[in-house]
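Engineer: Below are the chains, spelled out letter by letter.
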Amino acid sequence: MTIQEIYDLLKIHFNDDIKEITDISNGDSFITVNPANIFDILQFCRDYETLDFDYLTLISGMDSGENLGVVYHLYSMKFKHSIVIKAFVPKESPNIQSVVYLWRAADWHEREAFDLIGVVFDGHPNLIRILCPYDWEGHPLRKDYVTPQEYHGMKVPY
Amino acid sequence: MENHQFLFNFISEYTGDILAGVLIAIIPLALLLVYALVAIYGELKIASFIQLKLGPMRTGKWGLLQPVAEVFKLLQKEDITPDGADKPLFNLAPFIIFLGCYAALSVLPLSSHFAPSGLNIGLFFIIAISSLAVLGIVMGGWASNNKYSLIGAMRSVSQIISYEIPAAMCILGVASMAHSLDMNVISAQQQGGFWNWYVLGGPAGISKIWLIPFTVVMFIVYFVTSLAETNRTPFDVPEGESELVAGYHTEYSGMKFAFFYLAEYGNMFVVSAIMTVIFFGGWSSPFGDFLNSPIWQIFWFIAKSMFFVGLQIWLRWTLPRTRVDQLMYLCWKILLPLSMVCFLAMALGGMLY
Amino acid sequence: MINYLKNIIKGFSTILVGMKVTFINLFRPNVTVQYPNVHPLVRAGSDKMPDNARNKLNVIIPKCTGCKSCEKACPVNCITIETTKVASIDTEKPLMEDGKKRVFWLSQFDIDFAKCCFCGLCTIACPTSAIVHSTDFEYSCYDRNELLVHFSPFNKEQVAEKKRILAEEVKQKAEKALADKQAAEKAAQEQNITDSKIKSSDDQTSANQNIQNNSN
Amino acid sequence: MGLLNALDNPINADGIILGKVEDLFNWGRAKSNWFLQFGLACCAIEFMAVNASHFDLMRFGNIPRSSPRQADYIVISGTVTLKMAERIKILFEQIPEPRYAISMGSCANSGGPYWQHGYNVLKGIDRVIPIDVYIPGCPPRPEAFEQAVLKLQEKISMEEIFKKRERVAQEDKMLESMLKAEENNFIENVNKHI
Amino acid sequence: MENNLENTTNNNKINIEYSQFDSERMRLNAGPQHPSTHGVLRLEVELDGEIVTDIIPHLGYLHRCFEKHCENSNYNQIVPFVDRLDYVSAINNEFPYVMAVEKLAGIEVSEKVQILRAMCAEINRIANHLLAISAFGLDSGAFTPLLFLFREREFALGILEKLSGARLLYNYFCPGGVRYEIYSDFKKDVKVFIDSVRLAMKEMEDLLIFNDIFIKRTEKIGLLPKEVAINFACSGPVARGSGINFDIRKSAPYSSYDKFDFDIPVVEPGKEVVGVSGDCWSRNWVRVKEIEESCKILEQGITLLPDEGSVTDGIPKKLKVPAGEVYCKAENTKGELGFYLVSNGSDKPERVRARATSFVNLAILPSISKGYMFADLIMILGSIDIVLGEVDR
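Residue numbers (this note's numbering), protein chains in the order written: chain B, 0 to 157; chain X, 5 to 357; chain H, 73 to 288; chain F, 88 to 281; chain S, 11 to 403.
Pulled out of the complex, with its shape left as it was, chain B reads as follows:
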């Protein structure tokens, strides 16, 4: 199914939560979604028989200026089609529901998004840092991030 048909299907089921579809000529077009009930939308994508997105390719966090974006790339083994779903979360309260209980692959992706971007995933079993040291302050991939001068007695900048 092309992304336009999927968009229409989703529009029917979650009419106002699906915001809009922006198609990109030289890349993949994506569907922007209201982050409030991201869990139901993704569960629908996984369980609906004509969509059947059983393979979560990627969850990536993004710092697009004023608010944080969370991008879900889904793929279906059976129908061999893929979809990109975006949800924008305000910087002050970057909470979004976790999808660990839909796909076990989401566990580490979400921990990395929390670690590097600072998006808090509610309902995640153990949301701690995964790549940076556990006592690291700040979220490095934010646009306004300043590298600390010193860590455990070692000078960080060159």
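Among the clues, some could well be false.
What the hints assert, rightly or not - With a straight-line Cα cutoff of 25 Å, these simulated PhoX-like cross-link-like pairs (lysine-lysine) come out:
id: 1; chain 1: S; residue 1: 358; chain 2: B; residue 2: 90
id: 2; chain 1: H; residue 1: 248; chain 2: H; residue 2: 173
id: 3; chain 1: S; residue 1: 269; chain 2: B; residue 2: 142
id: 4; chain 1: H; residue 1: 92; chain 2: S; residue 2: 299
id: 5; chain 1: H; residue 1: 228; chain 2: H; residue 2: 157
id: 6; chain 1: B; residue 1: 77; chain 2: S; residue 2: 358
id: 7; chain 1: H; residue 1: 82; chain 2: S; residue 2: 299
id: 8; chain 1: B; residue 1: 142; chain 2: H; residue 2: 144
id: 9; chain 1: B; residue 1: 77; chain 2: S; residue 2: 197
id: 10; chain 1: H; residue 1: 120; chain 2: S; residue 2: 197
id: 11; chain 1: H; residue 1: 82; chain 2: S; residue 2: 260
id: 12; chain 1: S; residue 1: 260; chain 2: B; residue 2: 77
Unchecked claim - Rough simulated footprint, nothing fancy, chain B against chain F, three-plus residues with beta-carbon under 8 Å:
id: 13; segment: 169-178
id: 14; segment: 202-211
No lab work stands behind these hints: they were computed from the structure. Here the structure is a predicted model, which is why all the values come from computation and not from measurement. Every residue gets a Cβ at the ideal spot worked out from N, C-alpha and C, and that includes glycine.
With chain B held as given, fit chains X, H, F and S onto it using these hints.
Structural biologist: Just chains X, H, F and S now, with coordinates in the frame of chain B:
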């Protein structure tokens, strides 16, 4: 066999019994140290040639002085005793392991005219001494206060003790055929050509053909247990490189580690020497009386032992490592029944001939 | 019972097969390349180090125009270049390798090989291929500062002297410019004086003509 | 280096090897330098290639040891992150005393390609442990690593064992004299004030 | 999800009623420096005697801030950083990144470049599988196979060095083509390389793969059922070892892979050579078979690669990437490697997110190695074949 005391009587006339004993004891020590250097060099070179590389080349002519360089380096290393370790056990462990391997050399008959101690219950002494090494390994593993060495020590206890039973079975099998535990007597019986060797059924005439399959299987069982006894591949589970970092001697450095290193090669020599004595006719030459003078006998004894050491080194660079429970399965479920069946047949053979 | 025996036979036979393989390899010629005795450039066949191997960078200063495109192309910013303009009054008339006139002196051209990742992007970006990969890879050292290699041919004094000449030239130009300006002003004043004279003379002449006209 | 060459080819040293005991010890340490089997990143793969049959590191007497207690030198082959730096410090301190360290590759020398924006990367391992030989390259060629091993052997064979005790003793004497001098003028100040 | 994993019936897993014993559990650190953790990965293992009851992998010891660097360098400067992600198969990393940039910038690549790229990727895949199989053998204690297969790997590195100038991290692909021309006897070298790899793999099957001790160590261990593999989004040999027929070269053919005919080795639950589908042995068997498939591709590549035509003049002098975003994926040696590229029109990308296969495949380790022995845990980790540069990015 009186004349194996030949050297002892010769020296004791001049120096009295105690000093003669000490002098005699130095000979196996010298043999062991020189053998260790040769074995270390051999292991490096055989491993490298199997892996199509050159091995040590730049110390001495073909890397001949590499073991010498290693000894000098190990002399200078700092001897670390980790603070968590309990000092006496930690420092005593390497010497007990070396003791286990050096003591076993005392009963091995080098030639008809010379055996360091010529004990008449040699084989029984060997079985007793070989369990001393386990003591050293457990002391080392437990005392170094390191989780990896603890797991290594526990594994090695279960491995060596359970593999001693099939080994004892094989030794008793040969002892029952030779009607004696004295290793000199066993070697003497196997004189007169390789067809008299116990691996081919012992000194009796043509009628012992039915024994040959059992003794050959007994030899293979004994070879496998000897690998397990010295923690060599495919049974180097206690100091499994890729699992337990370095097993029970993880925390040892400097000269203490040198003793572990030396004891490992010493054990290899002891075990292969026992194999040559009970199965391949100790110091007797394979060509009957040709080349059978006492000096040649020493050569034959060492050549056969070195052949088996080479076999163990060759196996180390071929086979992967078994898991601990597969190790136990192999010992209790396969080696023990096999050795019992062969022991029965050899005892029957012993009664007949 | 049967697969118990089959298990033993299979286990034993695969071990013997494995030992056969290592026994064959025991007598195969070794593939080791003895580095200190045989240098990788002179080895035979496929072991020879190819000539486009990306080892230590080398800068051919006569070819370098100081355009800093390699500094911009480097993903790691380990090249630092500082150029000073060639003063026209400079006694030494520098020429590029291909005869053109040199525009910039390379007062500093450092590559920090402790940071370089040997990706070769600078050699691609360089218009005159002044920076190339040499075949030297044996420069490991005891002290890290030796890895900061200075390719510029000038030492401190020469650079200072070049700067002094440049400053002097700039000063001279400034003076000349000043002098020119004054001369221009003087000229301009004379100009307008003469203009006014001419104008005045024109006026007179025109006035004369007017008078003449009037008188006619 | 006298003994080093003579001992290596005793035949054309016509049998007699002259040299100090110190040379013998240095020769032993230089020629059987066991390294710790420890790799970090891409340089570790090149380090495995050096151990393989093509560029055989065992020719120089270097045997891989997996426990730091039995190793002589450690090769920092790869990017050192801040999270890993403390572990490397502990590892290096576990190696018994006559120990050395080789920093292999640009990442270990100075943070390499990650020196500018690598917030989690330690900019050069010599900030944590003393390094004997730096090998440039990303990753360095196996021959470059073997040349570094030769340079380390040179450095070891030129070390002085016995004079070091004298030099350390001299330094201690100087230190004591300095401390005594400080005490004296401290006492003088106190006297002056009283 | 969690519970149906526990009661997978398999005779090898030791199910002990823990309530009977009150034995104390031992917490062990298979720390960052461990001979067989394939780099700097710390496994906090809880052992009950020899049996593993709980594992917590600790990552981040090689986190080199790849995504931060991508935001501060332009499109050509990112290729060296992409090499250093999965440093064992560097060219396969460059493939998806370069295709993503070409898709965004709308650059068309000539036929010859596509075939050359596919051939380089296959040479690099063979080199990676040679290392993966030998490291797996090293974990089980066999040291010699490592050196036999490294001898073949030197051929592969030699070919790629003559092409690109570097042995391990090539920086050879770039948006629009390839950096340097093909050297003269490239095809002859590839032919020699294929024959020697086939010979070596034949020898390897005798020495290690069908060795009874090795089979006992690896079959029926680390069982990964098919649905769990899909749920954990595993890909590559890990997924194909559990019977999932998912290979991007076949499912979404990119570059010139539709011109080659090769098949994908998958160990279906019914049809296994040794052991059960989804265990360590079958994952390794998929890699052994994939080397054979890659040799087939290379052979066809030799005939397909046109001799005339240049591979470097397609590179645009000034790379202009319009705004937009794309997710481009390719079959890396470890599985599906994809790059999510967001560009805002300037010469520096706004966000590059790498979908690292080892990072995703490693997530299955805690759930499939509970109940096995400590030595098996090392084997399971070896069979997943992770590279820490890609896990920690």
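Engineer: Indicate, hint by hint, whether the structure satisfies it.
Structural biologist: Status of each hint after checking the structure:
With a C-alpha separation of about 24 Å, the suggested pairing of residue 358/S with residue 90/B holds against the 25 Å cut-off. Note on residue 248/H and residue 173/H: the hinted pairing holds, with a Cα-Cα distance of about 24 Å set against a maximum of 25 Å. The straight-line distance between the Cα atoms of residue 269/S and residue 142/B is roughly 44 Å, outside the 25 Å bound, and the hint therefore fails. Proximity of residue 92/H to residue 299/S is assessed by CA-CA distance (about 23 Å); at most 25 Å being required, the pair is judged to hold.
With a C-alpha separation of about 16 Å, the suggested pairing of residue 228/H with residue 157/H holds against the 25 Å cut-off. Taking the CA atoms of residue 77/B and residue 358/S, the gap is near 37 Å; set against the 25 Å cutoff, the hint is violated. Restraint check: the Cα-Cα separation between residue 82/H and residue 299/S comes to about 23 Å, which is no more than 25 Å; the hinted pair holds. Pair hint residue 142/B plus residue 144/H holds up; C-alpha atoms about 23 Å apart against a cutoff of 25 Å.
Annotation: proposed proximity of residue 77/B to residue 197/S is violated, straight-line Cα distance about 39 Å (limit 25 Å). With a CA separation close to 18 Å, the supplied pair residue 120/H and residue 197/S stays within the 25 Å bound. Distance restraint check for residue 82/H and residue 260/S: the Cα-Cα separation of roughly 38 Å exceeds the 25 Å cut-off, and the hinted pair is therefore not satisfied. A hinted pair counts as satisfied when its Cα atoms are at most 25 Å apart, and residue 260/S with residue 77/B qualifies at roughly 14 Å.
Evaluation of the coverage hint for the segment 169-178 of chain F: fulfilled, as 4 residues show C-beta separations to chain B shorter than 8 Å, against a requirement of three. A count of 6 residues in the segment 202-211 of chain F with a Cβ less than 8 Å from any Cβ of chain B is obtained; the coverage claim is therefore met, three being the minimum.
Comparing the model with each numbered hint stated earlier shows that hints 3, 6, 9, 11 do not hold.
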